[in-house]
Amino acid sequence: MRIAALVFLVGLLAWTPARAAERGRAAAALKVKTLPAATLEKLRADLRGADDDAAVAAAKQLGESGSAPAIDVLVTTLLAGTTPARAQVALDGLGPWGAPKAFDVLALYAGHRNNELRARAVKALAMLSDRRVSAILMERLGDAAAPVRAAAAEGLAARHDKQATTRLMMLVKRNDAGAAGPLGALATPDLIPKVAELQGGIDDGVLATTLGEYIKRDDVADKMRVEVVRQLGQLQGASATTALVEYLAMVPAKEDRQSRREAQKLVDERGNVK
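In terms of the working numbering, the sequence shown is residues 34 to 307.
None of these hints come from the bench; they were simulated from the model.
Every clue listed holds true.
In silico DSBU-like cross-links for lysine-lysine, where the CA-CA straight-line distance does not exceed 30 Å: (1) K134 / K93; (2) K195 / K249; (3) K227 / K256; (4) K249 / K287; (5) K134 / K66; (6) K206 / K227; (7) K64 / K75; (8) K298 / K287; (9) K227 / K249; (10) K256 / K287; (11) K249 / K206; (12) K93 / K75.
Go ahead and model the full structure; you've got the sequences and the hints to work with.
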């Protein structure tokens with residue numbers, strides 16, 4: 034893949050805590066839309082009706098409202114039980130508002146037998162400020178389904194929950210791609226050499242994602258970034274190149290960093306390989 038194409042794609046594909054934070058800020062900027070009583074009752078009826086399309090549309094509109102009555106309808110519907118398609122939209126609608134009253138039902142669905150519902154419940158839970166959320170996210174790191182583990186890992190990273198580091202490291206050692214970015218977001222400087230030592234024992238892509246996420250952090254000294262950039266230079270495949278390109282894209286053009294110069298050199302060298 035050409036380097037120019039990579040520059041375009043990384044912004045679309047990469048998960049980062051910064052992107053998670055942007056989603057959080059966007060959610061915080063949402064304005065509650067009060068629904069007229071008649072509209073609320075119609076949506077409630079649609080959500081309970083036989084028409085799946087109408088029910089899903091109703092759940093979406095209720096979630097977009099964010100009003101207390103709308104949240105109540107979604108919570109009640111989930112507690113009573115509904116179809117997976119309706120439950121998915123209802124769960125998605127609860128997360129952005131961070132409503133405390135949603136905790137219990139989201140915690141319940143985080144243990145649902147349906148993998149997709151568990152993953153969505155975990156994502157929504159991670160948006161709540163409730164202190165009890167972290168324990169559930171930690172538990173879901175051991176989920177049998179990769180998407181659920183990934184949702185839990187991303188949630189813990191977005192919450193800057195350092196207690197997750199050890200568990201995330203264990204997952205990365207098992208080649209769990211969903212834990213790679215979150216580990217890089219939370220890892221301490223003393224853990225990075227241990228991560229680098231995994232080269233050859235895990236997939237280069239998983240390792241590159243972890244190291245690439247680490248060097249993008251503002252709290253990392255440039256001397257440490259240089260070492261990590263050099264480690265990335267030893268990895269093969271597009272993932273390492275992507276990590277370097279992502280790093281270059283987030284460094285201000287006028288900022289002179291040794292790590293930036295070395296990353297640019299590596300990217301140029303890889304771009305010239307035919």
